[in-house]
Amino acid sequence: MSAGQIADVPMTDKPLGITRRLPKRGLQKLAAYLQAAPLALILGFFFLLPILAIVVVSFWDYDFAGIYPDFLTMNYTETLGSWVTWKIYLNTFKFTAIVWALTLLIGFWVAYFLAFHVRTATMQMLLFLVCTVPFLTSNIIRMISWIPVLGRNGLINTTLMNMGLVRDPVEWLLYSDFAVVLAMVHLYTLFMVTPIFNTLMRIDRSLVEAARDAGATGWQILWNVIIPLAKPGIAIGTIFVVTLVMADFSTVQVMSGGQSASVALMMKNQMSLLQYPAAAANAVVLLIIVLMMVAAILRVVDIRKEL
Amino acid sequence: MSKAAEIDIVSVSKVYGTTTAVQSISLKIPAGSYCCFLGPSGCGKTSTLRMIAGHESISSGDIRLGNVVVTDFPPAKRGTSMMFQSYALFPHLDLIDNVAFSLKMKGVDKDTRRAKALDMLKLMQMDAYATRRPAQLSGGQQQRVALARAFITDPEALLLDEPLSALDPFLKIRMRAELKKLQKTLGITFVHVTHSQEEAMALADLIVVMNDGRIEQAATPRTVFERPATAFVARFMGDHNVLSGRVVEQNGDMMTIEAPEGLRFSARGEGRPVGASADIGIRMDRVRIGDASEKTLGFNGIVSNVEYRGSSVKLTVLGAGSDDFTVLISDTDYFKTPVSVGDAVPLSWADEDVILLGRVN
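Protein chains in written order, with the numbering used here: chain A, 1 to 307; chain B, 308 to 668.
Because the hints were derived from the structure by calculation, they are not lab data.
Any given hint could turn out to be false.
[What the hints assert, rightly or not] Calculated from the model, a selection of chain A residues having no Cβ within reach of chain B, i.e. all distances over 10 angstroms:
(1) L90
(2) L165
(3) Q220
(4) V225
(5) L229
[Unchecked claim] Below are the SDA-like pairs computed for lysine to any residue, each with C-alpha atoms no more than 20 angstroms apart in a straight line:
(6) K413/B with W223/A
(7) K231/A with V130/A
(8) K491/B with D475/B
(9) K411/B with I227/A
(10) K429/B with S331/B
(11) K384/B with K231/A
(12) K231/A with H399/B
Yeah, the Cβ is synthetic: ideal placement off N, Cα and C, and Gly gets one too.
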């Protein structure tokens with residue numbers, strides 16, 4: 001009897017279910033679109049449209065007084081044909097490479113300490129919050145606060161001179177590539193710490209024990225188990241740092257005292273001269289290059305596990 | 308791979324801060340035997356295993372493996388190999404590299420170690436999957452890879468931390484048989500931690516029942532089943548009813564105890580002073596429905612539950628200070644004279660089915 005009941009239920013329920021759901025399905029479809037609409041609108045207006053505008057303007061003509069709708073490749077040929085552009089790109093790549101290497105080293109170190117050497121979860125969270133405290137002030141303030149430390153009569157130089165270690169102030173501390181890299185590392189290391197910390201926290205601790213059981217030393221465990229498993233976090237941190245450094249103009253301007261240049265700074269200067277189409281062309285080139293770099297990172301490391 | 312080591316645990320303790328996980332236990336595990344540590348969670352069985360493996364420091368005492376005191380040795384220098392609860396296979400490496408991991412750590416060159424790893428996978432019949440990642444395998448396959456990885460170091464003892472707990476019931480029984488077969492072929496010492504009595508009974512040459520950081524009994528499965536040493540073992544193994552009371556009379560080697568309701572039961576045993584508390588165990592499957600030959604070998608109780616189990620029927624009876632006195636009778640016997648919930652029934656047993664249970668300390 002009970003078997004009969006079980007067989008009966010789906011037979012009567014199935015057709016009923018379909019007829020009842022049919023009108024609902026249309027509604028559900030509409031609801032799904034409605035749910036996606038706000039984000040689609042925001043991305044459309046504030047992301048796609050501006051980029052489209054930049055692409056369009058990059059083909060326009062300009063002179064000292066205004067910009068004129070046109071279809072010229074001049075802005076591109078001028079930018080790409082100038083050795084100044086190439087030098088500036090090279091300089092930007094140099095900053096990116098150095099800052100990436102340093103933030104990776106420091107970021108991994110900090111994340112590793114937090115994830116594997118701090119015992120309690122409360123202490124982990126507390127120390128992690130301490131890492132984020134500097135982010136409660138603005139980028140500019142954190143940058144400018146380096147000036148009294150590094151300047152000619154700054155903290156470091158005064159100390160060195162008072163100790164009698166140097167006779168004249170060390171000049172390369174401020175308004176130099178060193179200062180730019182220092183400020184950038186200071187600003188962007190947390191973007192490396194966070195994703196790496198995240199991946200390290202997800203590593204099953206028994207894997208470390210299994211490696212130790214197999215005779216691995218501390219370094220061997222780090223190299224053969226932890227770093228390979230931290231790759232997705234390293235990739236995400238790398239994407240953050242690379243895109244931030246490639247697009248940076250304020251740090252380069254302030255900390256180099258105008259002696260160094262970056263691609264974004266070059267664009268900013270072009271805009272202040274009202275050469276919008278030239279700046280737009282530069283922006284398109286930069287966008288393509290950064291997207292290619294991100295694509296290259298994603299090809300090397302599969303970050304889908306992390307998302 | 309045929310050398311097996313005797314494991315000698317000498318008054319080993321493990322203290323975490325203020326809590327003592329393992330309290331000065333001593334145990335000899337004969338070379339080439341299959342030993343199961345059995346007990347509820349938190350009884351110290353995993354801590355003990357981890358101390359043998361070297362993943363946990365020993366607070367006091369010593370552990371000897373073969374002729375070597377390994378107390379202060381790192382895991383890889385002990386000649387043991389551990390298989391972890393969730394297998395702990397490296398997710399970023401394929402099976403060959405997983406199995407070859409310890410050889411790579413030793414600096415064995417790539418071709419040699421990969422060839423040896425493939426041999427190991429062949430032994431476990433996993434060579435067809437050699438280039439896969441662990442995530443692409445089923446639970447049983449992962450266990451075989453974990454075994455291959457454990458055996459490649461040529462250990463004298465294999466330590467298994469709840470190896471079957473991640474598997475579904477059907478696979479559990481199959482992998483259990485495989486473990487037993489493997490241990491017989493390789494002849495090395497296996498130490499296996501489990502909380503399942505059934506698993507321990509099926510596998511072990513030596514069952515070590517632990518509770519609260521102490522060993523309650525270490526004996527062969529048959530002894531643990533037939534003659535549980537303590538009330539805890541009797542309850543944990545689940546085949547005995549435990550009745551508690553006070554010794555009221557000692558007559559030769561027969562002792563009479565009085566249960567809370569004034570009922571008296573006799574059991575073979577001596578050495579307890581009159582007035583001391585005592586527990587007796589009565590085999591569930593030996594209790595019969597019917598009047599007792601002697602008054603002290605039975606009581607009258609009220610049936611509180613009847614469970615049909617196919618070949619047997621399980622009755623739960625209230626009485627003699629126990630609210631879960633269990634009677635297992637065969638279905639034939641039950642259906643000859645069925646009883647139902649609420650019925651008063653006389654229960655009886657033979658004097659050889661009663662044992663006096665001891666206490667730890």
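Going down the list of hints, with the structure as the test:
A cut-off of 10 angstroms between C-beta atoms confirms that L90/A is not in contact with chain B; the least separation is 35 angstroms. At the 10 angstroms boundary, the C-beta of L165/A stays outside the reach of chain B, the nearest C-beta of that chain being 46 angstroms off. Non-interface status of Q220/A relative to chain B is broken: a Cβ of that chain comes within 10 angstroms, the nearest being about 5 angstroms off. Separation of V225/A from chain B is inadequate, the least Cβ-Cβ distance of about 6 angstroms not exceeding the 10 angstroms criterion.
Annotated as non-interface, L229/A brings its C-beta within 10 angstroms of a C-beta of chain B; the closest such distance is 6 angstroms. Restraint check for K413/B and W223/A: satisfied, since their Cα atoms lie roughly 14 angstroms apart, inside the 20 angstroms limit. Pair hint K231/A plus V130/A does not hold up; C-alpha atoms about 25 angstroms apart against a cutoff of 20 angstroms. The suggested pairing of K491/B with D475/B is violated, with an alpha-carbon distance near 24 angstroms, which exceeds 20 angstroms.
Proximity of K411/B to I227/A is assessed by CA-CA distance (about 16 angstroms); at most 20 angstroms being required, the pair is judged to hold. Under the criterion of a C-alpha separation no larger than 20 angstroms, the hint pairing K429/B with S331/B is inconsistent with the structure, at around 42 angstroms. Between K384/B and K231/A, the direct Cα distance comes to roughly 31 angstroms. Violation of the 20 angstroms bound is thereby established for this hinted pair. The suggested pairing of K231/A with H399/B holds, with an alpha-carbon distance near 10 angstroms, which does not exceed 20 angstroms.
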